[in-house]
Amino acid sequence: MSESLEKLQNRILSDARLKAEETIKEAQAKAQQTLEEARRRAQKESEEIIAKAKVEAENVRRSILSSKVRVNRLRILDEKNRIVQDIIHTVEDQLSSIARTDQFENTAQRFVAEAVKAVESDQPIVRIGFRDATKKNLDGMSRVLPKGGKLVIDEKPIDDFGGVIATDPEGRVVFNNTFKSRLERLDNQLLTLIASTVFSE
Amino acid sequence: MSGIDAVKKVVETETQARRIVDEAATKAQKVISETREQAERIRQEAVASAQGRREGILREAKEKAEAEARQSDQETERILDTYRKLSEERKAAAVSKAVALILNG
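For the record, the sequence lines run as chains U and P.
For reference, each letter of the first sequence is one residue, going 1 to 201 in the working numbering.
For reference, each letter of the second sequence is one residue, going 1 to 105 in the working numbering.
These aren't lab readings, by the way, just hints derived from the structure by calculation.
Some hints here could point you the wrong way.
Unchecked claim - Here are the computed lysine to any residue pairs in the SDA-like style, where the Cα-Cα straight-line distance is at most 20 Å: (1) P/Lys91 / U/Lys7; (2) U/Lys7 / P/Lys85; (3) U/Lys52 / P/Ala6; (4) P/Lys91 / U/Lys52; (5) P/Lys85 / U/Glu21.
What the hints assert, rightly or not - If we take Cβ atoms under 7 Å as the criterion, some of the chain P residues that face chain U in the derived model are: (6) Ile4; (7) Val7; (8) Lys8; (9) Val11; (10) Thr13; (11) Thr15; (12) Arg43; (13) Gly52; (14) Ala65; (15) Leu101; (16) Ile102.
No experiment lies behind these values; they were computed from the predicted model shown.
Built from N, CA and C at the ideal position, the CB exists for glycine as well.
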């Protein structure tokens with residue numbers, strides 16, 4: 001009786017120890033699995049943070065650079081524009097004072113002839129006005145007018161820089177051949193010419 | 001030994017066995033609980049490390065971009081200088097051609 005009781009007790013304790021051991025092993029296995037999973041997730045989370053950081057860094061870089069490049073392109077454009085405008089002002093000054101040069105008469109006659117031809121009238125009215133032009137050097141203009149034409153001499157330069165405006169007698173057809181108008185008509189060619197002369201290699 | 005004593009012995013042994021199993025369960029619970037804390041520490045350390053690297057990557061990108069921006073400024077200054085010199089050298093020719101265009105164009 002005593003011997004079998006002892007066996008029973010040992011068996012009960014042995015079973016309990018075995019169960020305890022299994023419980024611990026299961027817990028340790030689960031712990032191991034939890035740690036591995038945690039390491040995997042941490043690795044993945046780190047990689048996501050780094051990948052986002054690289055994209056963010058590229059955006060930061062592009063933002064800084066594109067803003068700088070834009071500003072610098074504008075500075076270059078501003079400078080080119082300033083240079084071209086400076087040249088155009090000098091051109092305007094030279095055109096304004098053309099009456100003091102020896103090419104004035106030819107030029108003025110050509111302007112008158114062009115304007116008369118453009119209005120296609122037998123009795124054109126031609127206004128002419130250049131800075132510093134004298135009556136003497138405008139007298140020759142009548143030669144290029146048709147017989148019925150009329151020359152009106154302005155004492156002041158027409159349209160700021162001087163030139164010629166022709167109309168038919170009724171004032172329906174007007175041809176503006178002033179320097180200002182020619183500058184506007186030839187604007188694109190003028191800018192291209194100046195830019196290619198100054199900035200080309 | 002009487003039958004009652006034998007039963008008492010068995011009951012005591014079963015109590016002892018239950019204590020062994022309970023202690024193991026408590027220990028297992030502790031292992032799992034500590035492991036969860038350790039897992040959270042691993043995650044936090046990894047994230048902190050990644051955040052540190054992120055700061056480094058961003059700082060490096062910013063410094064690199066600023067260096068490139070300074071280079072762009074220098075290049076722009078060089079171009080502006082060139083334009084100013086060209087303008088001085090070629091202004092007279094440009095004015096002459098432009099006047100001719102307006103007079104004859």
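Now the hints, each set against the structure:
1. P/Lys91 / U/Lys7: Answer violated: P/Lys91 to U/Lys7 is near 119 Å, above 20 Å.
2. U/Lys7 / P/Lys85: With a Cα-Cα distance of about 112 Å, the restraint between U/Lys7 and P/Lys85 is violated, given a limit of 20 Å.
3. U/Lys52 / P/Ala6: Violated, at roughly 72 Å.
4. P/Lys91 / U/Lys52: violated, 53 Å
5. P/Lys85 / U/Glu21: violated, 91 Å
6. Ile4: violated, 12 Å
7. Val7: This interface hint is violated because 10 Å lies over the 7 Å limit.
8. Lys8: Nearest chain U Cβ about 11 Å off; hint violated.
9. Val11: violated, 10 Å
10. Thr13: holds, 4 Å
11. Thr15: violated, 10 Å
12. Arg43: holds, 5 Å
13. Gly52: violated, 10 Å
14. Ala65: Hint on P/Ala65: holds, closest Cβ of chain U at ~4 Å, below 7 Å.
15. Leu101: Since chain U brings a Cβ to about 6 Å from P/Leu101, closer than 7 Å, the hint holds.
16. Ile102: Constraint on P/Ile102 satisfied, holds at 5 Å.
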